[in-house]
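Undergrad: Chain A is fixed; fit chain B onto it per the hints.
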Amino acid sequence: MTTSTPTRPEDLDPMTPAVGTRRKLPRYGGVGLYVAGLVVAGLLTLLSGFSWGLFAVYGVVLGCLVTYVGSRVVEGSRKATDRLVTSLVTSAFAIAMVPLVSLIYTVVSKGITRLDGTFFSNSMVGVVGEGGGAYHAIMGTLIITALASLISVPVGLLAAIYLVEYGRGKLKKALTFFVDVMTGIPSIVAGLFAYALFAIFFGPGVRFGLGGAVALSVLMIPVVVRSAEEVLKLVPNELREASYALGVPKWRTITKVVLPTAIAGLGTGVTLSIARVIGETAPLLVIVGITAATNFDPFDGRMATLPVYAYYQLTQPGVPPQFGIDRAWTAALVLIIIVMALNVVARLISRFFAPKTGR
Amino acid sequence: MTSLETPPRTADKPTRAVRSAGDRTFAGLSTGAGILILVVLAGVAAFLITESLDAISAPAADIAGGEGVWSYVGPLVFGTLLAAVIALLVATPLGVAIALFITYYAPKRIAATLGYLIDLLAAIPSVVYGFWGLAALAPAMVPFYAWAERNLGFIPLFAGPASATGRTMLTAGLVLAIMILPIISAISREVFVQAPALHREAALALGATRWEMIKMAVLPYGKSGVIGGSMLGLGRALGETLAVAIVLSVSGGVTFNLISSSNPSTIAANIALQFPESSGLGVSTLIFTGLVLFVITLAVNMLARYVVNRRADFSGAN
Numbered sequence: 001m002t003t004s005t006p007t008r009p010e011d012l013d014p015m016t017p018a019v020g021t022r023r024k025l026p027r028y029g030g031v032g033l034y035v036a037g038l039v040v041a042g043l044l045t046l047l048s049g050f051s052w053g054l055f056a057v058y059g060v061v062l063g064c065l066v067t068y069v070g071s072r073v074v075e076g077s078r079k080a081t082d083r084l085v086t087s088l089v090t091s092a093f094a095i096a097m098v099p100l101v102s103l104i105y106t107v108v109s110k111g112i113t114r115l116d117g118t119f120f121s122n123s124m125v126g127v128v129g130e131g132g133g134a135y136h137a138i139m140g141t142l143i144i145t146a147l148a149s150l151i152s153v154p155v156g157l158l159a160a161i162y163l164v165e166y167g168r169g170k171l172k173k174a175l176t177f178f179v180d181v182m183t184g185i186p187s188i189v190a191g192l193f194a195y196a197l198f199a200i201f202f203g204p205g206v207r208f209g210l211g212g213a214v215a216l217s218v219l220m221i222p223v224v225v226r227s228a229e230e231v232l233k234l235v236p237n238e239l240r241e242a243s244y245a246l247g248v249p250k251w252r253t254i255t256k257v258v259l260p261t262a263i264a265g266l267g268t269g270v271t272l273s274i275a276r277v278i279g280e281t282a283p284l285l286v287i288v289g290i291t292a293a294t295n296f297d298p299f300d301g302r303m304a305t306l307p308v309y310a311y312y313q314l315t316q317p318g319v320p321p322q323f324g325i326d327r328a329w330t331a332a333l334v335l336i337i338i339v340m341a342l343n344v345v346a347r348l349i350s351r352f353f354a355p356k357t358g359r
Numbered sequence: 001m002t003s004l005e006t007p008p009r010t011a012d013k014p015t016r017a018v019r020s021a022g023d024r025t026f027a028g029l030s031t032g033a034g035i036l037i038l039v040v041l042a043g044v045a046a047f048l049i050t051e052s053l054d055a056i057s058a059p060a061a062d063i064a065g066g067e068g069v070w071s072y073v074g075p076l077v078f079g080t081l082l083a084a085v086i087a088l089l090v091a092t093p094l095g096v097a098i099a100l101f102i103t104y105y106a107p108k109r110i111a112a113t114l115g116y117l118i119d120l121l122a123a124i125p126s127v128v129y130g131f132w133g134l135a136a137l138a139p140a141m142v143p144f145y146a147w148a149e150r151n152l153g154f155i156p157l158f159a160g161p162a163s164a165t166g167r168t169m170l171t172a173g174l175v176l177a178i179m180i181l182p183i184i185s186a187i188s189r190e191v192f193v194q195a196p197a198l199h200r201e202a203a204l205a206l207g208a209t210r211w212e213m214i215k216m217a218v219l220p221y222g223k224s225g226v227i228g229g230s231m232l233g234l235g236r237a238l239g240e241t242l243a244v245a246i247v248l249s250v251s252g253g254v255t256f257n258l259i260s261s262s263n264p265s266t267i268a269a270n271i272a273l274q275f276p277e278s279s280g281l282g283v284s285t286l287i288f289t290g291l292v293l294f295v296i297t298l299a300v301n302m303l304a305r306y307v308v309n310r311r312a313d314f315s316g317a318n
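For the record, the sequence lines run as chains A and B. If you count the first sequence from 1, position 82 lands on 82 in the UniProt record's numbering, and the numbers rise without skipping. If you count the second sequence from 1, position 301 lands on 301 in the UniProt record's numbering, and the numbers rise without skipping.
Next comes chain B alone, as it looks inside the complex:
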């Protein structure tokens, strides 16, 4: 800005920058676009609240299930969290390992290509993941579920009866894990690459093996990036719709049993399955569940961004 300022010609003119009409319009337009984005985000919350008021104020007996919106959304929240947590538990170690492989283990010449292959996983539409989960992953998991019921049945998670189709909570969680893998590995890669070269070289100079170097110099540095990345993955997993709607065989209720064919639904999948056939109060109830999902993902994402950004503030990289 300062480079554009011209000194005032006369004493009585204000000492502000002289800006042409084009300049003012352009600055106004771009500022307006920025503000519009904030307005849209606020609008998402506002319109969801307006449209769900009916469901919140309706008598409990009128809501599907007959016990009010909160008991309607409860099992859905449980299902959403369960699927997302399974996805996170599988994808985080795998994502971090892949990030390490690409940054410090793979031959440098092909590392970029390998990274691109992982990014391809993020490009595949979620409905296609649903197709694949239903047609390929679920049948492939059936023998494992039967085995788990026989040998691990004493653990409540594998109590069974094992699903014959494989359309279980665990399958849905695994599909979600594959979908969030590229997010976690991309953000981990970003921070691992930035680990200070001096620290790494110092570790190696002291005779550390490659793993010891990573343990001492890379992982402590990348810790908050990994945490933030997995929370962003969690946010994605919470909101993932079609893959779960297609793969999961739903019966409602709350259960930790991961391998049976009666599972709680997730908020997003439930909306996708119910919305096209709903009207009136049903729509309002579904929008209310959408609002709950919005609040949960917003909280997770804000926390994740806070963690990631805090690292940026304190790291030596900048």
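Pulled out of the complex, with its shape left as it was, chain A reads as follows:
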């Protein structure tokens, strides 16, 4: 992260002893004080019935307070403020980890009950109560995401090539700006756009898979452009110039020199953009809808998709509700697994397909 600086701030800290007689806490004194605060917080929480939430609140407040007071008594106010901020930012990071851990724990513990063969091999046709699965929804998600990638990747890559290799003047500026703005389009608006577009041709109430792919493309294209542009900019100009010097035309230079050099980064970017849209629910809810049966034809009729399936199984679980809710959590778990797997794949791509540097 801070590779630009050879010297880390803590390496320069020995300025303090130069002040002379000022006393200093021992090496792990700050940590020790914070832990002492945590212990007091734990005891306090135990007095009034233990709960993790209460412990976190007391812990952070008391940890920071004890650190500040302790340091203030020994080292003076400037050092104490420094230690206070250190404990605050560290606590902030720890606080941010709480929802991540809690979320993964909740989804795994609730989703594991139905993570079985039936879930992956059955659709919801004729299922009331127990059993049933998400085969149709998983297929729908794969088909729609594949279609969306088929639209977004060529358009996004070409636009990125335009921005890096060809673009100049007002069009380039406008495109850069509006691609940035487009990354902020709410996903539900993308769904409404697809609906409004196809309602003109097919009449109101239109629901079909391709519409979902179009909606996802609106969300996916700017992500592809952004990441591809960053990567293409990293390709050294010397490579392009060497190619030109050999008399290779520009488009051959791009396809044979620039793109192969950047292929690892492009692959990572595309994978991450797929991970970004595969969990989108809102646009598919609007334009694709939901169905109980397996539908492989994205040009005709409603399709089930995993996120929408999860949403409906949770909100309309049927009677008795427990079976639907279990299916919903398992769908959420499968969704998380898919997204995490895509993230891992993206990292692997950037590791294994990176261009060989001389080192």
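A few of these clues could be false.
When the alpha-carbon atoms are kept at most 35 Å apart in a straight line, the in silico DSBU-like pairs for lysine-lysine are as follows [unchecked claim]:
1. A:Lys24 to B:Lys215
2. A:Lys79 to B:Lys108
3. B:Lys223 to A:Lys173
4. A:Lys24 to B:Lys223
Calculated from the structure, these hints are not laboratory results.
TA: Below, chain B without anything else, positioned relative to chain A:
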């Protein structure tokens, strides 16, 4: 381009670059892709306007609620802004602190991994956040809401009656805060890392503690990045759909009461909840609310990008 130009062989030929058919096709294709993106963005606005015309021109009594589109969308806009502002107030300080932790406090060896952990928060689909908010966060907040009603009830925000399920505006705002945290911290990290090393080292050389160095050299430099990042987070929070639709218990109306179970809905959540069962004018009305949301987020995002880009123009980093 210039490297490809060949000098004209004869005097009467134009002095333009000789480009092969492949070159022209490729340049045309990539320019076309760029233009297509702009067209799509314009198309989003155009189609939303076309499809919402019905609702705008319809007599007020025919719109759900019976008082016209503007009174229909009003409380929704209020709910959207309220949830997003709560999210922003919680996530901005937390995001900035996390960015500082990762860039200047965490041991260098594990800093990248810690950053990756925060980015994981951005990878989790919003419907899963909704599930978690409903099943884990909302029940966990119930005791706090009861406590807040008893002890802070004199503040209108905590007037109560406290929700027994925890599905309140504050819970929705907190879920949104967690969702926008990675955006704010990622952009803050980017600018904090770029703070000029000379300034930082000069501050330390004058005997500054680490916090004083950050206060003097990093924060002033990163200010506009933080502002831009939090506005991008705001844009995301405004448009977030499923998490709010699942977590929030909705009854309509305008209230600042954050801990009761009667809350205004947000535009996006309202569309998700109503759209599947709507037809005719109802659909048109919902598309109109979507248009309003689009305009709001577009304005917020454009402002945010303007702020972020302005920093890039004036910073010493380039």
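Undergrad: Taking the hints in turn, state whether each one holds.
TA: Verification of the supplied hints:
1. For the hint linking A:Lys24 to B:Lys215, the alpha-carbon distance of about 22 Å falls within 35 Å, and the restraint holds.
2. The straight-line distance between the Cα atoms of A:Lys79 and B:Lys108 is roughly 22 Å, inside the 35 Å bound, and the hint therefore holds.
3. At most 35 Å may separate the alpha-carbon atoms for a hinted pair to count; B:Lys223 and A:Lys173 meet this at roughly 24 Å.
4. Between A:Lys24 and B:Lys223 the alpha-carbon distance is near 33 Å, which keeps this suggested pair within the 35 Å criterion.
Against the hints set out earlier in the document, no violation occurs for any number.
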